[in-house]
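Model the full structure from these sequences, guided by the hints.
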Amino acid sequence: MFGGQGGDDAHRRPTGGGASRPPHRRRRGPVFLLVALLVLAAALAAAGLVLKPMVESFRSGADYTAADATGKKVTVTVQEKANGTAIGEMLQQAGVIKSVKAFVAAAKDDPRSQAIQPGDYAIAQHIPAKDAVAYLADPKNRVVKRVTVPEGMRASEVYALLSKASGLPVADYQKAAKDAAALGLPASAKGNVEGYLFPSSYEFKAKSTATQQLATMVAKTKDVLTQLGVSDDKAERAIIVASIVESESRLDADRGKVARVLENRLAAPMRLQLDSTVAYATGKRVITTTDAERAQVNGYNTYTRDGLPVGPIGNPGEASIKAAVNPTPGPWLYFVTIDPATGETVFSETKAQHDQAVLRFQAWCQAHKGQC
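0 is the number of the first residue of the sequence shown in numbering that gives the first Met the number 0; add one for each residue after it.
Rather than coming from a laboratory, the hints here were simulated on the basis of the structure. Incorrect hints may have been included.
[What the hints assert, rightly or not] Derived lysine-lysine pairs resembling DSS-like cross-links, with alpha carbons at most 25 Å apart:
id: 1; residue 1: Lys221; residue 2: Lys233
id: 2; residue 1: Lys100; residue 2: Lys80
id: 3; residue 1: Lys206; residue 2: Lys71
id: 4; residue 1: Lys107; residue 2: Lys144
id: 5; residue 1: Lys163; residue 2: Lys283
id: 6; residue 1: Lys219; residue 2: Lys206
id: 7; residue 1: Lys368; residue 2: Lys283
id: 8; residue 1: Lys177; residue 2: Lys221
id: 9; residue 1: Lys206; residue 2: Lys174
id: 10; residue 1: Lys163; residue 2: Lys189
id: 11; residue 1: Lys71; residue 2: Lys139
id: 12; residue 1: Lys233; residue 2: Lys144
id: 13; residue 1: Lys72; residue 2: Lys177
id: 14; residue 1: Lys100; residue 2: Lys221
id: 15; residue 1: Lys139; residue 2: Lys129
id: 16; residue 1: Lys80; residue 2: Lys219
id: 17; residue 1: Lys206; residue 2: Lys177
id: 18; residue 1: Lys221; residue 2: Lys204
id: 19; residue 1: Lys139; residue 2: Lys204
id: 20; residue 1: Lys189; residue 2: Lys321
id: 21; residue 1: Lys144; residue 2: Lys80
Written out as structure tokens, the structure reads:
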């Protein structure tokens, strides 16, 4: 009987040893599962409330508000051909904006972003992306060193001018001028930068070096020569003539004539006999020179030297370079500026005509003591 009862019990019990599990647990299992699901659902809902703004921020790009601004500024550099993403990454790393996505989105919304120029900018940190776009789009906010180099300046004078504008020592420019390869000087210049520092207005980056600034000026001179069809091997001669034209001419209408006088005298041949070349050798800025100075023998004194001086005597502008390359046709062999105040110049074919013009110049000097 015992054995039979055991067989019946075994037949009624669930597989898996249900006799070892309390009956009440078996009945409450579904309830427990339901409660667990409800708790999990509540947790997920709460998490959703917390994560939703984070996800939305990620999708749209986190951004600073005006209240986040620190008041501190940092100098950043927008590189040449940098796109919105590249600029955004740079700004984010500098602590200016909170996310690249916010900047890219703001740039797309602001048409002015297309006007952002390469260069340095001193910009506030922790600012809204739209403010960063607006700031960079205003060219007035570029940190640049502006300088205007007038025509006819000598290299030493250009160095002093650039130094004053940039804060770099004159010695930096003197050192940079010795590196012909870095400056891109033509081989015919033989390492002499004089004559190739193109007169113009420049905006140099705040962090630009003396070499970069001088190289920019040399490149402009080479561009002008290229446009005029002057090859590198003929560049030096053209610049030497142009530098004399620049020094001797006050009026644009006379530049081509001065260049023609030089070419006619060289072809004759006749010595150029120019006070401007003598003055360059002495380092002075004068209209006339002394007998002793004109008697000196050096590479620039065209009273004692045949042909052109050994190098340029200043940095000519585009008008003088054009005149040197394409002189005005004419028979003149002489010229003299009879009125230094107005630049009036007389061009002559004969020595006798020239002597008469020289008397007029001397009369002007007598009437204007200390100005000749």
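Results for each hint:
Distance check on the hinted pair: Lys221 and Lys233 sit about 12 Å apart at the alpha-carbon level, within 25 Å; holds. Of the pairs offered as hints, the one joining Lys100 and Lys80 holds, with about 19 Å between alpha carbons and a cut-off of 25 Å not exceeded. About 20 Å separates the Cα atoms of Lys206 and Lys71, which keeps this hinted pair within 25 Å; it holds. For a cut-off of 25 Å, the pair hint linking Lys107 to Lys144 is broken: about 30 Å separates their Cα positions.
Between Lys163 and Lys283 the alpha-carbon distance is near 21 Å, which keeps this suggested pair within the 25 Å criterion. Among the hinted pairs, Lys219 with Lys206 is consistent with the structure: their alpha-carbon atoms are about 20 Å apart, no more than 25 Å. Taking the CA atoms of Lys368 and Lys283, the gap is about 18 Å. The hint holds against a cut of 25 Å. For the suggested pair Lys177 and Lys221, the alpha carbons sit about 18 Å apart, so the restraint of at most 25 Å is met.
Simply put, Lys206 and Lys174 have alpha-carbon atoms about 17 Å apart, close enough for the 25 Å limit, and the pair holds. Between the alpha carbons of Lys163 and Lys189 the distance comes to roughly 28 Å, so the proposed pair goes past 25 Å and is violated. Distance check on the hinted pair: Lys71 and Lys139 sit about 19 Å apart at the alpha-carbon level, within 25 Å; holds. Distance check on the hinted pair: Lys233 and Lys144 sit about 33 Å apart at the alpha-carbon level, beyond 25 Å; violated.
Proximity of Lys72 to Lys177 is assessed by CA-CA distance (about 37 Å); at most 25 Å being required, the pair is judged violated. The hinted pair formed by Lys100 and Lys221 fails the criterion: a straight-line CA distance of about 43 Å is larger than 25 Å. Restraint check: the Cα-Cα separation between Lys139 and Lys129 comes to about 17 Å, which is no more than 25 Å; the hinted pair holds. Of the supplied pair hints, the one linking Lys80 and Lys219 holds, its CA atoms being roughly 21 Å apart against a limit of 25 Å.
For the suggested pair Lys206 and Lys177, the alpha carbons sit about 21 Å apart, so the restraint of at most 25 Å is met. Only pairs whose Cα atoms come within 25 Å are accepted, and Lys221 paired with Lys204 is accepted, the gap being roughly 21 Å. As the CA atoms of Lys139 and Lys204 are separated by approximately 13 Å, the hinted pair is consistent with the 25 Å bound. Between Lys189 and Lys321 the CA atoms are separated by roughly 22 Å; this keeps the pair inside 25 Å, and the hint holds.
With a C-alpha separation of about 21 Å, the suggested pairing of Lys144 with Lys80 holds against the 25 Å cut-off.
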